[in-house]
Amino acid sequence: MRVWADFTLEQDDAGRTVLALTGPLTVSSIGVVDHALRDHAGEIAQVDISAVPEIDTVGAWTVWRLLREHDAELTGASDQAERLIAAVSKSSGDGHTAGPRLPPVTRTFQGVGHQVSSWGQGTLDITSFLGAVLVAWWGILRSPARMRWLAVVRQAELVGISALGIIGLMSFLVGIVIAQQGAVQLEQFGAEMLTVNLTGRIALRELGVLMTAIMVAGRSGSSFAAQIGTMKLTEEIDAMRTIGVSPVEALVIPRILAAVVMMPLLGFYAAMAAIVGGAFISSFTLGIPFMTFILRVQEVVPIHDVWVGLVKAPFFGLIIAMAGCYQGMQVKANAEEVGLRTTMAVVQAIFMVIVLDAFFAVFFTEVGWG
Amino acid sequence: MSDDLDDIREDVADAAHNRMPGPYKGEFPIVVEGVRNAFGDSVIHDNLSLKVRRGEIIGVVGGSGTGKSVLMRSIIGLQVPTEGRIEVLGEDITAARDDADIDIRSRWGVLFQGGALFSTLTVAENVEVPLREFYPEISDELRREIARFKVVLSGLPEDAANKYPAELSGGMKKRAGLARALALDPELLFLDEPTAGLDPIGAAAFDALTRELQDTLGLTVFLITHDLDTLHEICDRVAVIADRQVIAVDTIDNLLKLDHPWIQEYFNGPRGRAAHAAQERIVRPDKKMDNPGKAGD
Numbered sequence: 065m066r067v068w069a070d071f072t073l074e075q076d077d078a079g080r081t082v083l084a085l086t087g088p089l090t091v092s093s094i095g096v097v098d099h100a101l102r103d104h105a106g107e108i109a110q111v112d113i114s115a116v117p118e119i120d121t122v123g124a125w126t127v128w129r130l131l132r133e134h135d136a137e138l139t140g141a142s143d144q145a146e147r148l149i150a151a152v153s154k155s156s157g158d159g160h161t162a163g164p165r166l167p168p169v170t171r172t173f174q175g176v177g178h179q180v181s182s183w184g185q186g187t188l189d190i191t192s193f194l195g196a197v198l199v200a201w202w203g204i205l206r207s208p209a210r211m212r213w214l215a216v217v218r219q220a221e222l223v224g225i226s227a228l229g230i231i232g233l234m235s236f237l238v239g240i241v242i243a244q245q246g247a248v249q250l251e252q253f254g255a256e257m258l259t260v261n262l263t264g265r266i267a268l269r270e271l272g273v274l275m276t277a278i279m280v281a282g283r284s285g286s287s288f289a290a291q292i293g294t295m296k297l298t299e300e301i302d303a304m305r306t307i308g309v310s311p312v313e314a315l316v317i318p319r320i321l322a323a324v325v326m327m328p329l330l331g332f333y334a335a336m337a338a339i340v341g342g343a344f345i346s347s348f349t350l351g352i353p354f355m356t357f358i359l360r361v362q363e364v365v366p367i368h369d370v371w372v373g374l375v376k377a378p379f380f381g382l383i384i385a386m387a388g389c390y391q392g393m394q395v396k397a398n399a400e401e402v403g404l405r406t407t408m409a410v411v412q413a414i415f416m417v418i419v420l421d422a423f424f425a426v427f428f429t430e431v432g433w434g
Numbered sequence: 018m019s020d021d022l023d024d025i026r027e028d029v030a031d032a033a034h035n036r037m038p039g040p041y042k043g044e045f046p047i048v049v050e051g052v053r054n055a056f057g058d059s060v061i062h063d064n065l066s067l068k069v070r071r072g073e074i075i076g077v078v079g080g081s082g083t084g085k086s087v088l089m090r091s092i093i094g095l096q097v098p099t100e101g102r103i104e105v106l107g108e109d110i111t112a113a114r115d116d117a118d119i120d121i122r123s124r125w126g127v128l129f130q131g132g133a134l135f136s137t138l139t140v141a142e143n144v145e146v147p148l149r150e151f152y153p154e155i156s157d158e159l160r161r162e163i164a165r166f167k168v169v170l171s172g173l174p175e176d177a178a179n180k181y182p183a184e185l186s187g188g189m190k191k192r193a194g195l196a197r198a199l200a201l202d203p204e205l206l207f208l209d210e211p212t213a214g215l216d217p218i219g220a221a222a223f224d225a226l227t228r229e230l231q232d233t234l235g236l237t238v239f240l241i242t243h244d245l246d247t248l249h250e251i252c253d254r255v256a257v258i259a260d261r262q263v264i265a266v267d268t269i270d271n272l273l274k275l276d277h278p279w280i281q282e283y284f285n286g287p288r289g290r291a292a293h294a295a296q297e298r299i300v301r302p303d304k305k306m307d308n309p310g311k312a313g314d
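Quick mapping for you: the protein sequence lines, in order, are chains B and G. The first sequence lines up with residues 65 to 434 when you count with the numbering used here. The second sequence lines up with residues 18 to 314 when you count with the numbering used here.
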């Protein structure tokens, strides 16, 4: 059973208060008596620990604090207790253990200030990162032997091949949803055959690439940021620099290239999967045979819809890879930052992809690829 | 303050305390018997045995890759050996498969090679973590005070308590790691290469600190090191790992009499001789264990 430390108050011959501690004074038994001792307001002239069978540094600290606060004297201390008290008394023990923290009002202003200055700093950092990437590209263009093809292939596998399953399944399901929901609405006008147009065009122009971009940002953008960020923390990036390997060349360029190459392929693949999904559900709900749906897609979807999707994809890949690598490179100090930067990489990538997609939508309509 | 008493998770605290026997009184707090550790095809330990005496500082040496750290990880339950049995403070570690089953975690402290401090917490908050975990009944004030005096006890300046690990130098991180290892006043202290990467002055100070703490707190210290000065300076006995086993456990003087090529090369190589010579020149009366009164000063 647990034995708690306890104390009793007595009067000695001269009428002074003697605090006698009993029971083991260790970290495991002191919790409750410590509360009581802190509540005790009266004078204490003497602290008697002769009835304490066991003492550790926490007990020694408590005794020492009593002695210091009440200006009391110690009796009944063993050799060990005295040594422990001597050891702990080097610390004043005052003050907080948390990191420095300002009062709330000041902190709010400071937070706003930080935010503003970090926007400025962020713009500078992004510009310098873009510059570094361009410099690395230029270096590789001048001496193509420096291109790390092995890394490119490896990253292409991670970004592309291993994503085939999930992207295929996701797009297939999205295709089903569009065809099914579209059919419900179009039926009201007796235009259910237009479901084919709807599914085919939206998959090729928008959804195939956009959904793929979101999935790649979540899968690969985050892993770029986390991986490079961790390498930054473990000083691997610094080690590369000292060996004369440019981290941008070795880490960033292969990832960018892999994402730029794989995005159009994945986007097209996703569009196909969505069309198959649409055809699949239409054969049940609309009574359009599977192959008829597929052949009809070929007739009603203009070829420039395919180009619209394919042109956008590499830009999305570029944004995702750049955001991931940039955020990874910005990691400093601690593990929490890796998580924060990874989140930022994904959020930024998806946001910028959607903004860019809106621009593309307007642009392509204006140039007549409506 | 008494309101806080209601907040104490009485059941949690009780459970923790009921499991907790008094300090270990046996002779060997660490007993390793016939342990085998293997990663795939590479066998690290085979039939390795070691007994550590209570109250001693045992140094563990061995070439790189001989499994010193693996041995330590096995003893503290992070690595389950494929064969053999390990007893720590009288409890069988190898039988306890689940982390939660190892009740004695509150009775040892571990200093990992790189410090392994929680990077999002300040040094003092790092020290508070085990206190919060095992003794929820301790008041916030006392816990803060404990954290701060442990930081000072570990040889850090008082103001280092509020700093984050990223703001500390390598040597300070080691000391901060030591402060966390000492948080619960453990009976056993595991140190993995505590002086590696420290300057000679810092290393000597760390050695002195280890010895002082061992004297003051009556610790048993399991110390992995490559530092010959540390071995000469503070270790009561040295265990040598070679050929997948502990080939000898003894004082350095006695080890030197053995005719094992690795031991001879280790202690009689140029660095070994220099450290030995330095030890011969300096007489250190406070090193003796039966004169602990001085260490607390």
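Calculated directly from the structure, the hints in this document are not laboratory data. It is possible that some hints are incorrect.
Said to hold, decoys possible - Heads up, incomplete: computed chain G residues facing chain B, CB under 7 Å, no partners named:
#1 Ala133
#2 Ser136
#3 Thr233
All residues carry an ideal CB built from backbone N, CA and C; glycine is no exception.
Numbered hints the structure breaks, given as an ascending list: The structure conflicts with hint 1 only, although it agrees with all the remaining ones.
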